[in-house]
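Protein chains: 2
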Amino acid sequence: MDKESQIIKQQVVYEGKWIKVLKKDFSIGDKVIKEYECVERNKSDKVFKEFDGVSMAPILYNTPTGIKQIIIIAQFRPPAGKFMLEFPAGLVESDNLFENAERELKEETGYYMDKQSQIEELSFPNIPISVDDPGLCSGSGKFIVVKVDYKDIRNQKITQELDEAENIRVHLVNLDSQLLSSLIQLAENNGYWISTKLYTFAAGFCFSQIASKF
Amino acid sequence: MDKESQIIKQQVVYEGKWIKVLKKDFSIGDKVIKEYECVERNKSDKVFKEFDGVSMAPILYNTPTGIKQIIIIAQFRPPAGKFMLEFPAGLVESDNLFENAERELKEETGYYMDKQSQIEELSFPNIPISVDDPGLCSGSGKFIVVKVDYKDIRNQKITQELDEAENIRVHLVNLDSQLLSSLIQLAENNGYWISTKLYTFAAGFCFSQIASKF
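From first to last, the protein sequence lines stand for chains A and B. Start counting the first sequence at 20; every next residue gets the next number (the working numbering). Start counting the second sequence at 20; every next residue gets the next number (the working numbering).
Misleading hints may appear alongside valid ones.
Stated by the list, open to error - A short, non-exhaustive set of chain B residues, derived as facing chain A with CB atoms under 10 Å: (1) Asp21; (2) Tyr33; (3) Val40; (4) Ala76; (5) Phe95; (6) Lys101; (7) Asn145; (8) Asp152; (9) Lys161; (10) Phe162; (11) Asn186; (12) Val192; (13) Ser196; (14) Thr219.
These are computed hints drawn from the structure, not numbers from a lab. All C-beta atoms in this analysis are idealised placements derived from N, C-alpha and C, irrespective of residue type, glycine included.
Okay, chain A solo, but in the shape it has when bound:
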């Protein structure tokens, strides 16, 4: 039978500027597990924020070669001390998911999203809340796939608008059956690590094309 679980007790053991660490006791049925270490992002404004961030797969179409490309970034990330290949992403600042995505895409990559950026087949009335590292942190977001028109005149000469703490390089990777190996090659050539969500998107994309073979 399915067991229920809930948080029974929690205490903050570290509080910083951006994050805090908590120890939580939780139940599994009648059993209690003590002092599980959890990380939480400090939220500045709980009014509109059911979740912390937005991340996106921006698909560049109308490219000169006719092959669609995915716009990704290599960002220096202090936790691992490395540049990471990642999707553009950021913390939400208002309750409009697409406005937040639009802003982050422009700031981090210089590209402008289409006004009608949603891909119909992947648009759901309720995009669920997702969590990057659920065993460690409650930090949460929503993920979307959006369109970027290469022929949009504003996308001919791109300019980033980075925060002072951001060091970000923009990369374009062909969206074809070689996507996963292209990412691995790009990472190897530059000494990058890869964010798991970019890797699994590419793995899902490539697997889809061979899934019928076994």
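With chain A's structure known, arrange chain B on it following the hints.
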């Protein structure tokens, strides 16, 4: 021109049983950014561990309906205090990636991986290190897609072998063009959140089937 970045200074500000919090100063070209808060997993054994964990998309084939399925779990995660839909995953305990995956799959879901579990088109000599939440934590892993044979006699009656701190339900979802909406429905019906890497795998899988349409 590309700017270089590196960690200049770091100090531990919290040390727990499983994680620590550090404040790091890092450079962007000539500029220094101070006291970026980072989380690190405590590593018990650095000898074989370039990375912390393994996660996998286990693909069940030879099913009665003929439709392949993906084996996923809903695990109670104390950080968010919710059950999360996730890929089976775990910390590595030896240097053989597939042995670790095999053990975690058996423990968390009861299923046995194929002896020849690798899918040739997705097998790379160097699977890169990936990071779940690179802006927050250096915790790292490798992700693989593996095969599980429904007709394997051991998979006819599955039995989990859970740790005392694990509360895990096993779900099977059809691997078809509805994969993403099936996950969303499953999450909604049960009050689950979703791990971003499962969500992006499904988004990549479904996007692959419609990418040529626009």
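Do the hints match the structure? See the list:
Among the interface hints, the one on Asp21 (chain B) holds; its C-beta lies about 6 Å from the nearest C-beta in chain A, closer than the 10 Å criterion. For Tyr33 (chain B), the interface hint holds, since its Cβ comes within 10 Å of a Cβ in chain A; the closest pair sits about 4 Å apart. Residue-level restraint check for Val40 (chain B) holds (minimum Cβ-Cβ distance to chain A is 6 Å; threshold 10 Å). Using the Cβ-Cβ criterion of 10 Å, the hint placing Ala76 (chain B) at the interface with chain A is satisfied: the shortest such distance is roughly 7 Å.
About 4 Å separates the beta-carbon of Phe95 (chain B) from the nearest beta-carbon of chain A, less than 10 Å, and the hint is met. Against a cut-off of 10 Å between C-beta atoms, the interface hint on Lys101 (chain B) holds, since the closest Cβ of chain A lies about 8 Å away. For the restraint placing Asn145 (chain B) at the interface with chain A, the shortest Cβ-Cβ distance is roughly 7 Å, inside the 10 Å limit, so the hint holds. Among the interface hints, the one on Asp152 (chain B) holds; its C-beta lies about 4 Å from the nearest C-beta in chain A, closer than the 10 Å criterion.
A distance limit of 10 Å between C-beta atoms decides the matter here; for Lys161 (chain B) the minimum to chain A is near 9 Å, and the interface restraint holds. The restraint placing Phe162 (chain B) at the interface with chain A holds, with a minimum CB-CB distance near 6 Å, inside the 10 Å limit. With a cut of 10 Å, the hint placing Asn186 (chain B) at the interface with chain A holds, because the nearest CB-to-CB distance is about 4 Å. Residue-level restraint check for Val192 (chain B) is violated (minimum Cβ-Cβ distance to chain A is 13 Å; threshold 10 Å).
Taking 10 Å as the C-beta cut-off, the interface hint given for Ser196 (chain B) holds, the closest approach to chain A being about 8 Å. At about 4 Å, the closest approach between the beta carbon of Thr219 (chain B) and any beta carbon in chain A falls short of 10 Å, and the interface hint on this residue holds.
Checked against the numbered hints given earlier, the structure breaks only hint 12 and satisfies all the rest.
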